[in-house]
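These protein sequences, in sequence, are chains X and A. Residue 1 is where the first sequence starts when you use our numbering, and the numbers rise one by one after that. Residue 1 is where the second sequence starts when you use our numbering, and the numbers rise one by one after that.
Treat the hints as calculated values from the structure; they're not laboratory data. A hint or two may mislead.
Claimed, not checked - Chain A stretches covered by chain X per the calculated footprint, using a threshold of three residues with CB under 8 Å from any CB of chain X: (1) 45 to 53; (2) 63 to 71.
Stated by the list, open to error - So, partial list: chain A residues that the calculated Cβ filter (under 7 Å) puts toward chain X: (3) Tyr6; (4) Ala17; (5) Ala20; (6) Leu21; (7) Ser22; (8) Asp39; (9) Val76; (10) Asn79; (11) Glu84; (12) Thr88; (13) Lys93.
Just so it is clear, the structure is predicted and the values come from calculations on it, not from any experiment. Cβ atoms here follow ideal geometry from the backbone N, Cα and C, with glycine treated the same way.
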Amino acid sequence: MSKTTLEIPKVLMTRIKRGLTPATSQGWVVEAEDPANALTRAIGEWFTELGQNDGLFKKHVYDNDSLNDLDMRQHCGRICGLVSDGQHLILDIMTWAHTQGEDAMQEAKPIIKAIDQKIKKLTDELFAWHAPLDSQTDIPESFKQAAREVKEGKLEDLDL
Amino acid sequence: MAPPAYVFKRTPQFKKAYDALSPDDQMAAKEAFRKFKADPKDPSLRPHKINRLTALRGKVVRSITIKGDLRAVFTVDGNVVISEDIGTHDIYK
């Protein structure tokens, strides 16, 4: 196999040797995106992802007739990811608002509240589907008791 | 292929819940379990998986309809069918 080498023009090579031009001059410097615009875009993307995940959860978990461990782990992973992203988003908004002053801090409050509400819904979901059975307050005690009995092998013949 | 030969068991909790039912509900349960023992998948019992309980238990939890809101929940371990509880709890629907 033949080798190819990048031929750097002599004039550029001279400039690199002098330290005038960076060797990696193939990048393109662009103006940084306005932080407020970047935040607005990130918030929109997070809410969009949340909506997409609602659809995925309904199809692959809540209405899935062949629910398995793979589905449950993806469910758990996606909820945790969304919660983590949401919290980082709030941190970014708070940091941005703090640097902008009182008006921005007031403007940020309802946005943070909306994200917090969604995070609360996600953590409730996470708890309801992934926390230990005994810690679930809406599951009948009789079901929890039966589960304990099965675990302990306390089974009798069905005499109906 | 012949259907699997099931062994039917229950929890003490199932008996406790059954004993607490009204005589009418007990009669209905007896009739439903006669069909259930013949075929746990009998469509007239409307057997269905309860996904949240399945997730929390880490094993498939199914429910059958006895009558109205009255349901019995069961799990299967190999060829052993375990009737676990009976009642009108919303989560069993």
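query = Which earlier hints turn out false for this structure, listed by number in ascending order?
reply = 2, 3, 5, 6, 7, 8, 9, 10, 12, 13
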